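Enquirer: One line per chain: the protein sequences are A and B, in this order. Residues 842 to 961 in the working numbering are what the first sequence lists, from first letter to last. Residues 14 to 510 in the working numbering are what the second sequence lists, from first letter to last.
Treat the hints with caution; some may be incorrect.
[Unchecked claim] Using C-beta positions, here's what the derived DEER-type ranges look like:
| id | chain 1 | residue 1 | chain 2 | residue 2 | range |
| --- | --- | --- | --- | --- | --- |
| 1 | A | Glu950 | B | Arg172 | 50 to 60 Å |
| 2 | A | Tyr865 | B | Pro295 | 41 to 51 Å |
| 3 | A | Thr923 | B | Gly81 | 18 to 28 Å |
| 4 | A | Val855 | B | Trp448 | 55 to 65 Å |
| 5 | A | Val855 | B | Ser472 | 29 to 39 Å |
[Stated by the list, open to error] Stretches of chain A that chain B covers, calculated by requiring three or more beta carbons in the stretch to come under 8 Å of a beta carbon on chain B:
| id | stretch |
| --- | --- |
| 6 | 886 to 894 |
| 7 | 921 to 933 |
Please keep in mind that the hints were generated in silico from the structure rather than gathered at the bench. This one's a predicted model, so the numbers in the text were calculated from it and none came from an experiment. All C-beta atoms in this analysis are idealised placements derived from N, C-alpha and C, irrespective of residue type, glycine included.
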Amino acid sequence: MDFEIHPGLYNYAVVVVLMMAGLYIVITRGNLVKKIVGLNVFQASVFVLYITMGKIIGGTAPILEGGFKVYSNPLPHVLILTAIVVGVATTALGLALVVRIREAYGTIEEDEIQRQDESL
Amino acid sequence: MIAQFVSQHLLALQVVLPLIAAPVCVLLRRPTLSWLFALVVTWVCFAMSVALLIRLEGVGTIVYEMGGWPAPWGIEYRIGMTSAIVLVIVSGIGSVVMPYAKASVTAEIDPARHYLFYTCYLLCLCGLLGVVATGDAFNLFVFLEISSLSSYVLIALGRDRRALTAAFQYLVMGTIGATSIVIGIGLLYLVTGSLNMADIAARLPEPDTNRTVLVAFAFLGLGAALKLALFPLHVWLPAAYTHAPSAVTAFLAATATKVGVYILLRFIFTVFGASFAFTAMPLDAMLLALAVAAMFVASAIAIFQNNVKRMLAYSSVAQIGYMILGIGLATTGGVAAGLIHLFNHALMKGGLFMAIGCVFLRTGSVRLESMGGIARTMPWTMAAFVLGGLSLIGVPLTVGFISKLYLIRASFEAGLWHFGVLVVLSSLFAVAYIWRVVETAYFREPTAEAARATEAPLSMLLPTWVLVGACVYFGIDAELTVDTAFRAATALMQANP
Chain A
842 MDFEIHPGLY
852 NYAVVVVLMM
862 AGLYIVITRG
872 NLVKKIVGLN
882 VFQASVFVLY
892 ITMGKIIGGT
902 APILEGGFKV
912 YSNPLPHVLI
922 LTAIVVGVAT
932 TALGLALVVR
942 IREAYGTIEE
952 DEIQRQDESL
Chain B
14 MIAQFVSQHL
24 LALQVVLPLI
34 AAPVCVLLRR
44 PTLSWLFALV
54 VTWVCFAMSV
64 ALLIRLEGVG
74 TIVYEMGGWP
84 APWGIEYRIG
94 MTSAIVLVIV
104 SGIGSVVMPY
114 AKASVTAEID
124 PARHYLFYTC
134 YLLCLCGLLG
144 VVATGDAFNL
154 FVFLEISSLS
164 SYVLIALGRD
174 RRALTAAFQY
184 LVMGTIGATS
194 IVIGIGLLYL
204 VTGSLNMADI
214 AARLPEPDTN
224 RTVLVAFAFL
234 GLGAALKLAL
244 FPLHVWLPAA
254 YTHAPSAVTA
264 FLAATATKVG
274 VYILLRFIFT
284 VFGASFAFTA
294 MPLDAMLLAL
304 AVAAMFVASA
314 IAIFQNNVKR
324 MLAYSSVAQI
334 GYMILGIGLA
344 TTGGVAAGLI
354 HLFNHALMKG
364 GLFMAIGCVF
374 LRTGSVRLES
384 MGGIARTMPW
394 TMAAFVLGGL
404 SLIGVPLTVG
414 FISKLYLIRA
424 SFEAGLWHFG
434 VLVVLSSLFA
444 VAYIWRVVET
454 AYFREPTAEA
464 ARATEAPLSM
474 LLPTWVLVGA
484 CVYFGIDAEL
494 TVDTAFRAAT
504 ALMQANP
């Protein structure tokens, strides 16, 4: 197996690490706020993925001006703005639910909530 | 003038109307006023989707360029036969649930929050319709998240505090699913440089030689499977359906997972192509295995539930298995059977959840223990439940029979007759869990709650019977559904990039 990573693929390696770390947090942590943070890390990895694919080394923003020949692709960057907005909305809603859960159960630990539900 | 405008922009208005109507609902504030407004909007949406289906008759596909920008630069809305059917189902169920929602929501949700309920309902409808109508992959993700975020809110409005944890769990799993879909779309964009689905399909390189395409396929498949609650990724569904308000459960059970199935179909057939998904990739074998597991495991779990809503939710997971089984057969007949069941299941599960919502309204419980003898005080509600249940089992003269008939026929035609046998065997499970409810409701001595209960109000009974009646009508006269489904399936199988 060849584990050497091409320098141009460095960002993609970061994407994979972030993605797996985020998913791991979501799965293993019982604290609901930590789950939301994990979800955020997971989503952030996708933001990096999109931004990386649009970037060209030495490229400028796509402005028509003499002297600039190489442009980065703005489309993935714009797309990810939308995805960031969706991510913010998800986080806000998730945290709002956590607040309500805390009001209703008095805890935000998953196993504690489960225990309370089972004792009913 | 107006008629011309509407006719010209019909496809865009189908999605934009509920989107614009949602904030208007916030401004209206008053419970009855916002309900009335949302009711009119959903009915107009339904009328538009029917008009689109009729218009599709002669032309095959309808394309609308957003803002006049031609594809692949602009966002394109494109509907064919499959999308038109799903549009009719989603907006149809949306408009039937609305009159039902009035009494049910009044009983279950604080009046000060009613306008927010209708706002989220319209947003959810908009998102679901948008997913189906759009021909742009990233646009699909955005609409998917609009519908998902609003459905998390709708579920969290349930009276029980467990609705909150159910909504949270759905939020986490739904976000992972949606993010997987974005990753898949991003990887496809990396390879093709396009976001328009038809354009992606045309530019896709020979897939079995390109690993990025394979990974994109895996991520999109995973995302869609999470959204449609394919076994074993269904864990969010039972809790969410059990604790959501009755009207929400009826609406989501009949539409949200169907749109998930549609996303799967869309990516398998129109983007990657059937030959790639089923020949180069072993998707058919995987889908068949998971579908059979869903049919048996989820049905078996349903038998042991004492909460009728949870029972029906597990039954939904099993029924999704039937749809996926049809698609996994990878033949025109199989896909058509999957689509027929998609339509039919929306009718019967919508009707069943509405009937059980009526029981909840009158007794405040959906547990079997409190439902003893309820058929004596609520005969019409329980009769609707029995008809819907018979349909779920697949008794002749109901839609369930048509679904299973075509599924079994398709599996025999595909030479996989044992799947036909499995469909029949798993139906026996449905007999068991429906019978538990029927036995309790008809043959037990009335409990205190059941004796006090009165028949549900007409505003709830009527929509329930519309869906249950449709179950019987389309079970007797199945020509329309079968014909449309076969044409849609033929178009899907031929969409070969």
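Enquirer: Would you mind marking each hint as holding or not holding in the structure?
Expert: So, going through the hints one by one against the coordinates:
A beta carbon spacing of about 24 Å between Glu950 (chain A) and Arg172 (chain B) contradicts the range 50 to 60 Å that was offered as a hint. Separated by about 28 Å at the C-beta atoms, Tyr865 (chain A) and Pro295 (chain B) break the suggested range of 41 to 51 Å. In this structure the hint that Thr923 (chain A) and Gly81 (chain B) lie 18 to 28 Å apart at CB holds, the actual value being about 21 Å. Taking 55 to 65 Å as the suggested C-beta distance range, the pair Val855 (chain A) and Trp448 (chain B) conforms, at roughly 56 Å.
Checking the proposed 29 to 39 Å range against Val855 (chain A) and Ser472 (chain B) shows it is violated: the Cβ atoms sit about 56 Å from each other. Residues of the stretch 886 to 894 of chain A with a Cβ under 8 Å from some Cβ of chain B number 4, which satisfies the need for three, so the listed coverage holds. Counting residues of the stretch 921 to 933 of chain A whose CB lies closer than 8 Å to any CB of chain B gives 5, which reaches the minimum of 3, so the coverage claim holds.
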